[in-house]
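S.K.: Could you slot chains U and Y onto chain P? The hints should help.
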Amino acid sequence: MLRLEHVSKTYRVGSFGRSKLAAVRDISFDVQPGEVVSLIGESGSGKSTIGRMVLRLLTPTSGSIICDDAEISRLRRTDLKEYYRHVQGVFQDPFSSYNPIFKADRIFGMVHAEFFPRVGADEWNERVRDALESVALNPGDVLRKYPHQLSGGQLQRLLVARALLLEIRYFVADEIISMLDASTRIDVLNLLADLKSRGLGILFITHDLSLGNYISDTTIILRHGSIVEMGETEKVFGDARHPYTQDLLASVPLVHAKWRTNGTGGGAAAVAAAANGAPPGTAAPELVLVEDGHLVAAG
Amino acid sequence: MSSAPPTALATPADSPQLETLRGPKPMSSLREAVHFALGNRKLVFGVSVTSAMLLFAIFGPLLARHAPLTYEGGLGLAPTTHDGYWFGTTLQGQDVFSQFVTGLRLAFIVGALGGGIAAGIGMLVGFTAGYRGGVVDEVLNMLTNVVLVIPTFALLLVIAAYLRVRGIMTESVFIGFTSWPWAARALRAQTFSLVSRDFVDLARLSGRSSWKIIFREIAPNMSSYLFMMFILLFGGAILIAATLDFIGLGPSNTISLGMMMQLSVQNAALQLHLWWWFLPPGLAIMAIVGSLYVMNVGLDEVFNPKLREM
Amino acid sequence: MSLHVEDLRVYYRTLAGDVKALDGVSFDVADGEIMGLAGESGCGKSTLGKALIRLDGRMRYVGGRVVLDGEELPIWDDGAMNDFRFRHVSIVPQYAMSALNPTRKIGRMIHELLRTRGANRNGAQEELERRLELVGLGPDVLGLYPIELSGGMKQRVVMVISTLLDPSLLIADEITSALDVSTQKAVAQTLVEFRDRGFVKSTIVITHDIAVLVQVADTILVMYAGKLAEKAPAEEIVSSPRHPYTRLLVSSLPEVGVRYAEKKLYGIPGRPPSLLDPPTGCRFRDRCPLATDRCLQEPPWVEQDGRGIACWEAAAVAPEILPVLVETR
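Protein chains in written order, with this note's numbering: chain P, 1 to 299; chain U, 1 to 310; chain Y, 1 to 329.
The shape of chain P in the complex, shown without the other chains:
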């Protein structure tokens, strides 16, 4: 189990770092093996920060992150490298994730050199081919090519294949399909569902509610760095209690239904006013259990 306990991240901003910006406040949740947890939030909600803290690209200011009974929020160097055998991630921009002057399959070479130095070249190539096949990529199509010769979908799949070369238990997907075309998005998403059925715990970070609804078991709605609603996906989407969640759901453009006009008097001006929320205080609101498997923030 991957567990976050009262994790916060505060940045110092302004000249001489006088004022503080709380990007993430007092977040607690867990990801079980074989479970997909969606972290849904708009920009500035802190969702990417949480993903990066789980991947230890950032250090939490306070709180702890525990992976299978090991505290990992303060690991360094060799211990951190061990951690990366069990937890990996993929990011939003496939073209930014590759060094453009090298071939795309260099990412496999890196994993080989750093984690499996004793494995021979032939055996490693076998493993790479197996990993590629498990993400539905034809090795002949993608090996020995430069990133700009491949599509966004192929690049993202390559990154998933790379993660599978390590025996990972948890996977962080940070907006991995937002920059892909609609026709390829769903295939990569199905791939994540496939990983889940193999027993991986997946933290799926997105701003798109329909994607979260499609694939996740647990949904967490974030706003301004704290959780406003959290629970089983059907309950959060089917019976949203927090006004922010309700607003979000009302704003999602559906393919088969029109937007309901805003009850507060309609018109773009009113919707806009509702969208600019009041800036939050410094403390995170308390979470209250409203029904089995469904928590909502008070106030």
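One or more hints might be untrue.
What the hints assert, rightly or not - Here are the simulated EDC-like pairs of lysine to aspartate or glutamate, each with C-alpha atoms no more than 20 Å apart in a straight line:
no. : chain 1 : residue 1 : chain 2 : residue 2
1   : P       : Lys258    : Y       : Asp166
2   : Y       : Lys263    : P       : Glu232
3   : P       : Lys258    : Y       : Glu235
If you are wondering where the hints come from, they were derived from the structure by calculation, not from laboratory data.
M.R.: Below, chains U and Y without anything else, positioned relative to chain P:
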């Protein structure tokens, strides 16, 4: 699942496959870069002139018939084919040609050494500051700014007063240690922009150490920039050395182009119409440094597709 | 007829040849109509939007006509188009909100813009404030720098500016893409409101997000690889799509309420063809589950009763069977 269909994409063998409208601008392949390099007049001009001077510097001293500092020849002779005084003699009877080729060789040495040291320190400071950020960046920034505002001439005067013998090595080291700040600044900025790219994070997730990331991921991405920067530092070092030599702070045990100019002015070569004494060294410095800068502009066009005229 | 486009062809020059980004597109947009232009990356929708106002210097006009309110637009001539830009045809370009000059206050920027266009300043000022208020922004916005505004606010400011002179045609290029879902709704509804109040006559909304188009557009035009695939009223495109590409696309869209465990969705295998040297015949044929030998010949664009399609095999197969066809391929 079917792979991409075999639609015949007729790409001729010698034209690079460019995919516009899909993803970001593709990297120039080596072949494409070489093609543009050869077609760029500034680059060709710059490289030709510099190479010519370099060859002259390497083989010149072998052709010289007299030692540069011995007072052998007639006093103040005009250039003549007699006895190998192709560039004439100085007022004291020294072989100008011999001095010239020695100076030329020294110019390249100072350029390489001084420029190399400056580049090395600039890279060290710039990469570290850009990659680490935070407190490390602030400290290194302060250091860079301090070195930047140190009055180099004043410092050199003080050093000159303490060292009895100054060789070319001292001069190169001094230049190297005082001209790195702007390189560090530029590299820091470039590093900043690359560090935020996801492939750096991916390297971290692969367990790569920081220095490995800097040298295997970030620096190669800036290779053209580093190359151009070195050329600028090289040219700059030669120019600084010539200036220092001209005001008398050059090496005390040999002769350089700047020193030739200094001595010629001291001996009123201008008034005595001994043009062969100061014209060759002056033109040589101008030629080398100028052609290096022109080469740099050409290189920029080669490496940066946006600057190319279509 | 407000806008009439006939066989428009626009290519991009590159070192490797011409990229046929827009290869023969014809359609009409009526007065007061909001037309959505949908498609994936590389389909030519952004090229079409920019070609109508000639915004990109790399474009090479190859052929076709564009007629707005009975007058032909000189889209091959950058200088001549200047008279039409902002007054008759206006565009909200992609990333417009990031393109605001960071060193200018909003009010000053608008003032300069109006001056270069020769618009009367005082009358425009009142109208400007009125419209800003309409979109939920107070007149104090004029005194702010772009960095002080949120993404949604900037987008709305840009929309107000673009429509200040009441153009006949407004082209909105991916105006909701970079926004959060709540501001997306606000901005999209602003578009409708501008049309309802007569600030613009016809609107072309370009986006990859079909769901947004369903909400605000009257008609949707689906493009693929530089050509038109299908055109239909907004609800009909999603409820009864006919072109195989549209069908596959619509069925690959996840919706709130649809879950993987209950109904697995499928994408479209393969990639769009390279436009440097596009295949002969129908450009979708390599990925199309219904392709036959007939598709080696390019299907004509056929328009009837407000619906248009370019496909030989359309209407042959019932929509529910399609996903299964994809799997067995």
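S.K.: Okay, which hints does this one fail, numbers in order?
M.R.: Violated: hint 1 alone.
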